[in-house]
Amino acid sequence: MKDDDHIIVVENLVKKFGSFVANDNLNFFVKRGEIFGFLGANGAGKTTAIKILSGLSKPSSGKANVAGFDVGRQSEKVKRNIGYMSQRFSLYDDLTVKENFRFYGGIYGLSAKAIKQKTAHLLQKLDMLDYKDMLLSKIPLGWKQKLAFSVAVMHDPAVVFLDEPTGGVDPITRRQFWELIYDKASEGTTIFVTTHYMDEAEYCERVSIMSEGRIEALDTPSNLKKKYRVNTMDEVFVRIARSDT
Amino acid sequence: MWPFIKKEFFHIFRDFRSMLILFGMPVAQVLLFGFAITTDIKDVSIAILDNSKDNVSREISNKLVSSGYFILNSNLSSNNEIEAAFKRGDIKEVVVFENDFAQKLQREGVANIQLIIDASEPNTANMINAYTSGIINSYSLELMKKQGKIPISIITEPKMLYNSGLRSVFMFVPGVITILLMLVSAMMTSISITREKEVGTMEAILVSPLKPIQIILGKVAPYVLLSFINLIVILLLSAFVFDMPIRGSIVLLLVESILFIVMALALGILISSVSKSQQQAMLLSMFALLLPTILLSGFIFPIENMPYALQLVSHVMPSKWFIIIVKNIMLKGVGIGYFWKETLILLAMTVFFILMSVKKFKTRLE
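In order, the protein sequences belong to chains H and X.
Okay, so the first sequence: first residue is 1 according to this note's numbering, each after it adds one.
Okay, so the second sequence: first residue is 1 according to this note's numbering, each after it adds one.
Keep in mind that the hints are not guaranteed to be accurate.
[Said to hold, decoys possible] Across the chosen pairs, the derived CB separations fall in these ranges:
1) H/Gly43 x X/Phe301: 47 to 57 angstroms
2) H/Gly43 x X/Phe9: 32 to 42 angstroms
3) X/Phe301 x H/Glu212: 50 to 60 angstroms
4) H/Asp127 x X/Gly200: 24 to 34 angstroms
5) X/Gly200 x H/Lys132: 14 to 24 angstroms
6) X/Val27 x H/Gln74: 50 to 60 angstroms
7) H/Glu205 x X/Gly200: 22 to 32 angstroms
8) X/Met356 x H/Glu179: 47 to 57 angstroms
[What the hints assert, rightly or not] Listed next, the in silico EDC-like pairs over lysine to aspartate or glutamate satisfying Cα-Cα at most 16 angstroms (straight line):
9) H/Lys225 x H/Glu205
10) X/Lys6 x H/Glu99
11) X/Lys63 x X/Glu142
12) X/Lys211 x H/Glu76
13) X/Lys6 x H/Asp94
14) H/Lys225 x H/Glu202
15) H/Lys16 x H/Glu212
16) X/Lys197 x H/Asp93
17) H/Lys138 x H/Glu99
18) H/Lys31 x H/Glu11
19) X/Lys42 x X/Asp90
If you're looking for bench data, these hints aren't it; they were derived computationally from the structure.
Where is the CB? At the ideal position from N, CA and C, for every residue including glycine.
If we strip away everything but chain X, and leave its shape as in the complex, we get (with noise of 0.2 angstroms):
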């Protein structure tokens, strides 16, 4: 079995694709999620209309441009000067003061600021009216205190468990993962073995005195050692890079990751016992493995907002118990004790596989 593991590092060394798809793909993924696709704000172009220009509408402003989520791009001067702002596309927010705000504030407890959004994008909208609203209130809040007055609303105070800063890479470094492990593993094995069917080299190692077993094992072997080096790569680049906490143990983390390894190997053996080329392998696992790992996961769209007949198909999902567990050691940093369950999901998801996988290569050779 040994020369067959050879070979096949040979395979994946010489081809430049997988290469890529090996080593390039986690660390692209891992930097695109991490900056580009994020949730959070930051360094957002505002303008300001003062129209009042007190010390109070100047301490606001300069809360907001100190805060770090926003950069004022201009001052404007009058009513007239927003829409042409907004059309110049610099711009997300303008900040209005009315005028006389501070005297108002003074004599009627009462003063207003609009905050005009760019809602192209209604979910960057969102935020920014969250962080300005927040930043006025905390502010209005300090400027009571000072001034003696006892607030008589109730403010909520909401405090953020397990991701205090709200950062979406705690929340896609999971899901990264879990697609990545799921490519290397699934997709690689399964061209990788119909590639050999393709060209006719699989004729003669099934003719050669090596069992199913073996042959399996030799195909697989290389792809869980590239997708554990894939693992530790990501797990390093987003603790170093993005600061990504691992609260629990890492050998429970490791651990569960080769369970997963294991599933997704058995998966791509039986993905390749079902086609009969490259293609046909490489757009089954990307449409029976892929996107239902990203939709239905619950990696970025939530399952509990899923329809109830789609939450009933994602908890086929191998994925979804998978990140359950790595949130839960990552993030939350708990023990076996609570995830338990999933991971005896998992380990039956995984028996089954095997055994699919198994019988269905054997039944070719019949």
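Bound conformation, chain H alone (with noise of 0.2 angstroms):
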């Protein structure tokens, strides 16, 4: 019963590049439809961690669950029910925006009808219909963006993983993006998001703050903010971070 409620379940996860532990013992769940804050400093083990949770990598040893299954032993079918988005955002520059649509869709085996469905329904949503038929190299940073959230939920993952989603974009663009987020996660996905932006951390249900391969702290951003006695998840930050060094 537990796993129904909890996408995400890892246990004593280890991952180890020679001698060199880049995920020390990691043990956290995530609930069903939460938006999830995943932090640290560059180089904590962050994208390790991902890399892990999206069946890209192996863990050393223990364990972790995504939406059900083993991401060691059943890494197909957690690639099948997760989307994904990353900073260097994964949208082709000499493809149209329809086209972009389709070959994502395509490869996660969604038929040409649910193709064109979905495109025109994301599309409305983003109030993008008419750019369409637009090359991407043509369409400014920000929406790009957009769609690249747009395309990575396209086939209704369980989970998202945006790693940096938001980078080196405008604070209005980057509003209008966790509004789409947050949209998503009322429809009862769950989104699981790094950033660098400690506002957006303030955004999110839970987050946890990693460093040197170490989860040390997890909790709402409230609760954290009490524990700390600070005002901001900024100073929180800054705090877990500092006394490491």
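With the hints as a guide, dock the two chains, each given alone in a separate frame, to form the complex.
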């Protein structure tokens, strides 16, 4: 029963590269439909953890379960049930908006009809129907990122991994981006997001903060602020990052 | 996998540079090698200094000029003009007949013709010498027959097999086919895979449920097709523009070519898995594939004349074996029985590179 509302369960997860320990005994879970912030300084081991959770790399030891499947042994099934978007967003500049949708819909095995419906629906939400035949290289960065998100959730995944999705984007577009995230989460999709913007951390329901391969803190933003007796997540982050050095 | 292949075609057709390499290159290369880089001689400008001006010297002059290899640029009237004529740079050879040429020939049986040749290009000079001497010799033979004398010297009469006109196109076309298939298959795939790594789309594809083998196949399938079209274009060009024959089985030629294409694609994937950027992939394909293909495959420089160490190196060049196969089919017109060994070597290399590239591709995911 527990697995039903815990869409991601990580137990004693360790990832080593030679003698370097990138993930040192991680233990956490993410609830279904939750917006989970996964924070940490550069090099803290976030990307390694995301790669393991999305089935791209195998854990050295320990266990991770995503959407009910073991990432080590059932990575195919894990991949089928997740969406992924990175800062180096995943769209093709030399394809049109529509063609990008068609391609990603295609590799996730959606039917031509489903792709058409989804594309129309998602573009309408973004108010970008008129741009569907435009080459992606002609579209401004902020819009591209919103498109990349729409493409990542096109196959209705149970979990979406967002790896610094708002890098290099202006505050207004970032806000609009988070509206998209909320919208998707309200449909029951779990959002697993990393970011360097601490105002965005405030938008998350719970956040974990990683440092040197370990999770140093994990709670709701308001609890974390109370615990460290500060007013912003920014200060929480600095406290934790500084306590290591 | 189908959407993958379709998208790959969009990439190629929308990129001007890819299109240029894919379809401009083969045409340009075949024409270049066929017309410009030729070792045949044709229409060489010569001057004649005829100190005798009798019927024999005139007849020889006519033979030279009407042969198609030489064009008479000017008639000189004294030895002093020879150097000036060369310095002007518009002639390659001066043919000098000595005084009383016909008389001496009649009386003493020996008369001299001096050939002065511009040897700043040694190869061309050799050719000019050979062609001129050939024409003069055949004339003197004729003359002897006419006069009823039997030549006492033994004359070699070379007969060139498979390429009786000694046309250099015949030598270049198999090489050009090899280079282009290598270039298009290996370089283009390795660049297009590293481009996806560079912009980050590779990550997105890897987290999708596609299996590695599907990704690789989707990536290379368009290039198999395009390389194949390229091959057809080259064959048509060489057949219709240069009268290059295909004496053996076309089907066999195409099958062997596909084997070579697959081998080159596997190499391309291998290159892409060790290089981090498009530039690196391009340089690697250039220096690790293209240059050895040109230099060590026997395409331009005969392998038998290389130092022993380099001959050994040439054995690991897949292109060497492929060129042998292509020449066998196109020029000798023989069947698989004569080059099954080469085919087997090529096949072994293909399997080896495919295994290597799939393994490399997988370990990158770990």
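Hint-by-hint comparison with the structure:
About 52 angstroms separates the C-beta atoms of H/Gly43 and X/Phe301, a value consistent with the hinted range of 47 to 57 angstroms. For the pair H/Gly43 and X/Phe9, the beta carbons lie near 40 angstroms from each other, so the given range of 32 to 42 angstroms is met. A beta carbon spacing of about 58 angstroms between X/Phe301 and H/Glu212 agrees with the range 50 to 60 angstroms that was offered as a hint. Checked against the hint of 24 to 34 angstroms, the pair H/Asp127 and X/Gly200 passes, with Cβ atoms roughly 26 angstroms apart.
Against the hinted window of 14 to 24 angstroms, the Cβ-Cβ separation of X/Gly200 and H/Lys132 comes to about 23 angstroms, which satisfies the hint. As the Cβ distance of X/Val27 to H/Gln74 is approximately 51 angstroms, the hint placing it in 50 to 60 angstroms holds. Range check, H/Glu205 to X/Gly200: Cβ separation about 28 angstroms, and the 22 to 32 angstroms hint holds. The supplied range of 47 to 57 angstroms is met by X/Met356 and H/Glu179, whose beta-carbon atoms lie about 48 angstroms from each other.
Simply put, H/Lys225 and H/Glu205 have alpha-carbon atoms about 13 angstroms apart, close enough for the 16 angstroms limit, and the pair holds. Of the supplied pair hints, the one linking X/Lys6 and H/Glu99 holds, its CA atoms being roughly 10 angstroms apart against a limit of 16 angstroms. Restraint check for X/Lys63 and X/Glu142: satisfied, since their Cα atoms lie roughly 12 angstroms apart, inside the 16 angstroms limit. Taken as a hint, the X/Lys211 and H/Glu76 pair is honoured in the structure, with Cα atoms around 8 angstroms apart against an allowance of 16 angstroms.
At roughly 13 angstroms between alpha-carbon atoms, X/Lys6 and H/Asp94 fall within 16 angstroms of each other, so this suggested pair holds. With a CA separation close to 10 angstroms, the supplied pair H/Lys225 and H/Glu202 stays within the 16 angstroms bound. Between H/Lys16 and H/Glu212, the direct Cα distance comes to roughly 13 angstroms. Compliance with the 16 angstroms bound is thereby established for this hinted pair. For the hint linking X/Lys197 to H/Asp93, the alpha-carbon distance of about 14 angstroms falls within 16 angstroms, and the restraint holds.
Distance restraint check for H/Lys138 and H/Glu99: the Cα-Cα separation of roughly 14 angstroms lies within the 16 angstroms cut-off, and the hinted pair is therefore satisfied. In summary, the hint linking H/Lys31 to H/Glu11 is supported, as the alpha carbons are separated by about 15 angstroms, within the 16 angstroms threshold. A hinted pair counts as satisfied when its Cα atoms are at most 16 angstroms apart, and X/Lys42 with X/Asp90 qualifies at roughly 15 angstroms.
In summary, the structure agrees with every hint in the numbered list given earlier.
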